[in-house]
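J.: This is what each chain is made of:
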Amino acid sequence: DQQVKQNSPSLSVQEGRISILNCDYTNSMFDYFLWYKKYPAEGPTFLISISSIKDKNEDGRFTVFLNKSAKHLSLHIVPSQPGDSAVYFCAASAVGSNFNKFYFGSGTKLNVKP
Amino acid sequence: GAVVSQHPSWVICKSGTSVKIECRSLDFQATTMFWYRQFPKQSLMLMATSNEGSKATYEQGVEKDKFLINHASLTLSTLTVTSAHPEDSSFYICSASGLGHEQYFGPGTRLTVT
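Read top to bottom, the protein sequences are chains A and B.
All residue numbers for the first sequence refer to the working numbering, where the first residue is 1 and numbers rise by one.
All residue numbers for the second sequence refer to the working numbering, where the first residue is 1 and numbers rise by one.
If we strip away everything but chain B, and leave its shape as in the complex, we get (with noise of 0.2 Å):
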């Protein structure tokens, strides 16, 4: 099947800092990539979809400005967290669409903000 993959698989920054997650699709052309976001015990929530070259759509209530999203190639989408705070602490996956309507999704990344 399809392999994503994410980097790193787990950070942990200061207050105030930025974080930088990628994401790469490594056997297929990602046409689409998601980023989504889960607490404990909760649901994915999506939180931006993007696709290559264009810019991210943002879900409701996520701040562009705050997660912003590159997907500057077929294999490659990015996700950097501006300015993080406690509360930004998270477990954040990404996933991958082809051509076809299934979505795979890499391993994620567990963010904590000390």
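Pulled out of the complex, with its shape left as it was, chain A reads as follows (with noise of 0.2 Å):
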């Protein structure tokens, strides 16, 4: 049973505009998401997150939406760039003894044309 959800396998954008990348979850209990990006025969890195007690968090480029009671969480891109186009993962984990535990969606391919 799939509990993080990423609906859309892929996804094209001009560079320039903006890339929105979407992500749902069942699990109430989640407690704190994070953003992935991934290249072809790499390991994800790491690109942000946010606690269940925001619902908004910044960082240069890349914003981390969530709204708790649509379970639900986006990433905004802008201005998105064609070195962003990459594989991004959402991932979920719950507070408690498996708070390092992490359940990530199916991924999203984001490609962003020059």
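One thing to keep in mind: the hints can contain errors.
Capping the alpha-carbon separation at 16 Å, the derived lysine to aspartate or glutamate pairs in EDC-like fashion look like this [unchecked claim]: (1) Lys66(B) to Glu87(B); (2) Lys64(B) to Asp88(B); (3) Lys109(A) to Glu42(A); (4) Lys113(A) to Glu15(A); (5) Lys101(A) to Glu102(B); (6) Lys101(A) to Asp31(A); (7) Lys5(A) to Asp24(A); (8) Lys41(B) to Glu42(A); (9) Lys101(A) to Glu59(B); (10) Lys37(A) to Glu102(B); (11) Lys37(A) to Asp84(A); (12) Lys71(A) to Asp31(A).
Keep in mind that the hints were calculated from the coordinates and are not lab data.
Assembly of the complex is requested from the two constituent chains, each provided in isolation within its own frame, with the hints serving as guidance.
T.: Now the structure itself:
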């Protein structure tokens, strides 16, 4: 049972425009969310995170929004650059003894066109 | 940022043989290491969590006798795929975490069993 879902397998955006990647989760116990970026044949690299006490976290061109009532989070990249082309995974974890056990979505492949 | 290495980066082995994959945290002490498996175009699936000096905790459906995990030190964890079969062919990724919440991922190991 997939507790974290990324329903869009791919997204294509023009350079300079905004990229919006979406993620939904089902477990209301999740209280910490992360976005990872992954290039082919490489491990994921951490991008940005947000805890459930916030609804927005911003780091440079990357902003993550959290809507707890909808169990939905999104990653905004603006302006998008060709180097942002990669697969983006969202991940979630819950407080408690398994706080560092991450549940990953299936990823969204972002293509930023020059 | 924290660096995690994996060795080998790719390996081809014959069916029935065993393969060992190493995961090292190069510049920090990893109290917990994780092993993931990724099938093409799918999510990272957590296989097991290991804490230094103790037995690994395996996720449901993962055979502990087939996927042997050893976390002998704060900088090294190994995954041994025993009696490998073609269906074990996959991309195996480790991650490590220290005292914080983030996980730092290795570059992954591509295993092909012929």
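J.: When you check the alpha-carbon spacing of Lys64(B) and Asp88(B), does it fall within 16 Å?
T.: 14 Å, holds
J.: Has the given pair, Lys101(A) with Glu102(B), been kept, meaning a C-alpha gap of at most 16 Å?
T.: 10 Å, holds
J.: Holds or violated: Lys37(A) with Asp84(A), Cα cutoff 16 Å?
T.: 9 Å, holds
J.: Holds or violated: Lys41(B) with Glu42(A), Cα cutoff 16 Å?
T.: 14 Å, holds
J.: Run the distance test for Lys101(A) versus Asp31(A): straight-line Cα separation, threshold 16 Å.
T.: 12 Å, holds
J.: Does Glu59(B) lie within 16 Å of Lys101(A) when you go C-alpha to C-alpha?
T.: 11 Å, holds
J.: Check whether the Cα positions of Lys37(A) and Glu102(B) lie no farther apart than 16 Å.
T.: With a Cα-Cα distance of about 14 Å, the restraint between Lys37(A) and Glu102(B) holds, given a limit of 16 Å.
J.: For the pair supplied as a hint, Lys71(A) and Asp31(A), is the alpha-carbon distance within the 16 Å limit?
T.: 11 Å, holds
J.: Does Asp24(A) sit within 16 Å of Lys5(A), going by the straight-line distance between their CA atoms?
T.: 5 Å, holds
J.: Is Lys113(A) close enough to Glu15(A), meaning Cα to Cα at most 16 Å?
T.: 5 Å, holds
J.: Taking only the CA atoms, is the gap from Lys109(A) to Glu42(A) under or equal to 16 Å?
T.: 14 Å, holds
J.: Sort out whether Glu87(B) lies within 16 Å of Lys66(B), counting only the CA atoms.
T.: 12 Å, holds
No hint from the list above goes unmet by this structure.
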